[in-house]
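S.K.: As you go down the protein sequences, you meet chains A and B in turn.
Everything in the first sequence is counted per our numbering, starting at 1 for the first residue and increasing by one.
Everything in the second sequence is counted per our numbering, starting at 259 for the first residue and increasing by one.
Just so you know, these hints were derived from the structure itself, not from any lab.
A few of these clues could be false.
With a straight-line Cα cutoff of 27 Å, these simulated DSSO-like cross-link-like pairs (lysine-lysine) come out [stated by the list, open to error]: (1) B:K462 - A:K230; (2) A:K3 - B:K352; (3) B:K536 - B:K352; (4) B:K393 - A:K232; (5) A:K104 - A:K202; (6) B:K393 - A:K230; (7) A:K3 - B:K536; (8) A:K240 - B:K393.
Just some of the chain A residues that point at chain B, by a computed CB distance under 7 Å [said to hold, decoys possible]: (9) T207; (10) R216; (11) V221; (12) H239.
Simulated restraints, written as ranges between beta carbons of each label pair [to be verified]: (13) B:R441 - A:H76: 49 to 55 Å; (14) B:A298 - A:G63: 31 to 37 Å; (15) B:V470 - A:M255: 20 to 26 Å; (16) B:T559 - A:D45: 56 to 62 Å.
Ideal Cβ placement from N, Cα and C applies to all residues, glycine included.
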Amino acid sequence: MEKSIQARVVSNRAIARGIYEMELECGQALDVTPGQFLHIAVPGDGSRILRRPISICRAQGSGITLLYQVVGEGTHRFSCAVSGDMLDCLGPLGNGFSVGAQVKRAAALGGGIGTAPLYQLMAANPQVEFDLFAGSRSGDLLYYMEEFAQVAHTHWYTDDGSAGEKGFAAQGLAQALQAGGYDAVYACGPMPMVRALAQVMKAHPQTPCQVSLEERMGCGVGACLVCTCKIKQGDAWHHKRVCADGPVFPISEVMLDE
Amino acid sequence: MNKPDMKVVIAGVEFKNPVIAASGTFGFGREYDRFYDISALGGISVKGLTSEPREGNASPRIAETPSGMLNSVGLQNPGIDAFLAGELPELRKKNVVILANAAGRTIEEYAAMTARLSAADVDMVELNISCPNVKQGGVAFGSLPESVFDVVSAARKTCAKPLMVKLSPNTADITKTAQAAERAGADAVSLINTLTGMAVDLEKRRPLLANVTGGLSGPAVKPVALRMVYQAATAVKIPVVGMGGIMTARDALEFMVCGARAVMVGTANIADPMACPKIIAGMENYCREHAISDINTLVGTLQV
Chain A
1 MEKSIQARVV
11 SNRAIARGIY
21 EMELECGQAL
31 DVTPGQFLHI
41 AVPGDGSRIL
51 RRPISICRAQ
61 GSGITLLYQV
71 VGEGTHRFSC
81 AVSGDMLDCL
91 GPLGNGFSVG
101 AQVKRAAALG
111 GGIGTAPLYQ
121 LMAANPQVEF
131 DLFAGSRSGD
141 LLYYMEEFAQ
151 VAHTHWYTDD
161 GSAGEKGFAA
171 QGLAQALQAG
181 GYDAVYACGP
191 MPMVRALAQV
201 MKAHPQTPCQ
211 VSLEERMGCG
221 VGACLVCTCK
231 IKQGDAWHHK
241 RVCADGPVFP
251 ISEVMLDE
Chain B
259 MNKPDMKVVI
269 AGVEFKNPVI
279 AASGTFGFGR
289 EYDRFYDISA
299 LGGISVKGLT
309 SEPREGNASP
319 RIAETPSGML
329 NSVGLQNPGI
339 DAFLAGELPE
349 LRKKNVVILA
359 NAAGRTIEEY
369 AAMTARLSAA
379 DVDMVELNIS
389 CPNVKQGGVA
399 FGSLPESVFD
409 VVSAARKTCA
419 KPLMVKLSPN
429 TADITKTAQA
439 AERAGADAVS
449 LINTLTGMAV
459 DLEKRRPLLA
469 NVTGGLSGPA
479 VKPVALRMVY
489 QAATAVKIPV
499 VGMGGIMTAR
509 DALEFMVCGA
519 RAVMVGTANI
529 ADPMACPKII
539 AGMENYCREH
549 AISDINTLVG
559 TLQV
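When you get a sec, could you build the whole thing from the sequences and use the hints?
M.R.: And the structure:
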């Protein structure tokens with residue numbers, strides 16, 4: 001039987017503006033597929049009844065590292081947690097990225113806090129040579145630049161040019177794809193980036209591309225049907241559950257028309 | 259003290275305990291059976307079913323609000339055929355009362371749904387005339403006593419199994435809709451479904467839900483639900499099943515004291531997949547600690 005994990009906070013610190021790194025000790029080794037998430041109850045505020053899904057950035061035995069951005073009261077509560085606090089977590093949940101044996105060289109595209117789960121993807125697949133194209137609005141929102149450099153050739157972008165190259169990471173990916181040589185593309189980021197990626201990949205239909213989607217979630221285990229996205233199946237489409245059918249989908253099946 | 263008797267009987271159907279998983283929060287049970295054997299439950303009201311598969315509303319479909327949440331799923335479900343062929347046989351393997359929750363766009367559709375569902379291997383039919391998230395049907399039938407009477411009468415004629423009617427709080431006088439359901443032949447009523455509400459992103463000046471409005475549930479609605487269950491239980495002779503913001507055993511017992519013969523637990527499952535078994539265990543413990551040998555003796559004991 002699955003059960004919730006009572007995870008102990010080992011450390012919790014700001015690593016960029018509004019972005020935090022939290023290390024958890026789960027008491028048991030977790031079997032994590034890159035791209036999976038933990039569904040975490042908001043500590044210290046019973047009026048916040050919904051859990052928050054946070055993707056796993058790093059997993060080593062019973063240790064889990066989460067990177068998260070404070071976007072509201074719930075994530076603000078996470079940022080107040082201190083070493084020794086306990087968090088009620090479900091997971092690892094969802095279907096993560098799959099890396100086929102044929103993948104030797106791959107590109108990863110990350111935007112904002114969405115770059116975080118790509119770390120685990122790349123760290124868990126050292127046999128693959130990764131190019132990471134990652135961006136944020138500005139330099140003070142970039143994080144883990146040294147850590148990513150250990151698992152990928154990194155290319156950083158900011159909207160305002162305050163760090164890295166000025167522009168969008170998806171444009172960097174598009175140029176690199178022109179040069180060819182990638183067996184697969186993996187991505188996670190905000191919806192404007194996902195839309196840009198979908199356009200970019202239309203020119204490269206032979207290159208498989210998986211994208212991790214984000215949606216407001218309820219149960220996280222597939223029962224309540226609130227976190228759906230539109231997924232193509234043949235000529236039809238269906239509402240699939242981001243939590244249980246995803247969060248990772250082939251971008252060729254994701255419908256972004258709304 | 260011995261184990262208290264937790265068994266309740268509603269419309270001739272025996273539940274091993276008074277806790278029923280509420281429709282729409284529990285799928286068809288599969289997801290929660292990974293966390294505990296769902297045979298522990300008194301009953302399961304399955305995801306609201308329609309004659310054809312429905313994809314439901316656009317996302318976002320959920321918004322957190324203080325001590326509650328809004329949802330606007332819009333009755334996404336695989337349709338009655340897929341339920342009967344795929345889900346029901348699996349669920350039937352569990353030792354649990356199955357309530358088939360049925361919705362329709364027209365009175366004729368409701369009657370057709372109750373005919374087909376009651377002919378299948380389910381224990382009860384729960385008529386959903388209170389969904390606030392669909393353009394046709396749902397709460398359109400549940401708000402006025404006259405339309406409650408009409409749709410329940412039609413469903414009653416075709417329903418060969420005990421018929422429970424799920425009432426909406428979005429009505430002027432809950433006693434009138436409860437009595438209308440009773441007059442039309444309902445064997446029981448369940449209440450409350452969600453309260454229609456909204457949440458707004460001030461910076462973007464946009465609703466948080468793609469559907470603009472949604473149904474409010476969770477602890478925020480419990481006082482309203484308790485009041486309505488109390489009023490309905492005094493207004494009808496048929497059993498009342500209470501729900502609305504039940505997160506703990508104490509919440510559940512409060513509903514029973516107010517007149518509910520059983521309870522449904524919905525939003526709590528979303529917050530904690532173990533909510534139902536925890537509530538059942540807590541209710542048993544309460545009975546033991548208070549020397550209550552039969553949980554039925556609590557029903558309607560509110561001293562006013």
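S.K.: Taking only the CA atoms, is the gap from K3 of chain A to K536 of chain B under or equal to 27 Å?
M.R.: 13 Å, holds
S.K.: Is the Cα-Cα distance between K104 of chain A and K202 of chain A 27 Å or less?
M.R.: Roughly 22 Å separates the two Cα atoms, so the pair holds.
S.K.: Take the C-alpha atoms of K3 of chain A and K352 of chain B, compute the straight-line distance between them, and say whether it is at most 27 Å.
M.R.: Satisfied, since the Cα-Cα distance of roughly 20 Å is no more than 27 Å.
S.K.: Would the pair K393 of chain B and K230 of chain A pass a check requiring their Cα atoms to be no farther apart than 27 Å?
M.R.: 20 Å, holds
S.K.: Go ahead and decide if the range 31 to 37 Å is satisfied by the Cβ distance of A298 of chain B to G63 of chain A.
M.R.: With a Cβ separation near 33 Å, A298 of chain B and G63 of chain A satisfy 31 to 37 Å, so the hint holds.
S.K.: Does the interface hint hold: is H239 of chain A within less than 7 Å of chain B, judged Cβ to Cβ?
M.R.: 5 Å, holds
S.K.: Quick one, is the R216 of chain A hint okay against chain B at 7 Å, beta carbons?
M.R.: Holds, about 5 Å.
S.K.: Sort out whether K230 of chain A lies within 27 Å of K462 of chain B, counting only the CA atoms.
M.R.: 24 Å, holds
S.K.: Could one say that the CB atoms of R441 of chain B and H76 of chain A fall in the range 49 to 55 Å?
M.R.: At roughly 52 Å between Cβ atoms, H76 of chain A and R441 of chain B fall inside 49 to 55 Å, so the hint holds.
S.K.: Hinted pair, alpha-carbon criterion (27 Å max): K240 of chain A, K393 of chain B. Please report holds or violated.
M.R.: 22 Å, holds
S.K.: Restraint: V221 of chain A near chain B, CB-CB cut 7 Å. Satisfied or not?
M.R.: For V221 of chain A, the interface hint holds, since the closest Cβ of chain B sits about 5 Å away, which is under 7 Å.
S.K.: Evaluate the given range 20 to 26 Å for the C-beta pair formed by V470 of chain B and M255 of chain A.
M.R.: 21 Å Cβ-Cβ, so the 20 to 26 Å window holds.
Checked against the numbered hints given earlier, this structure breaks hints 9 and 16; the rest are met.
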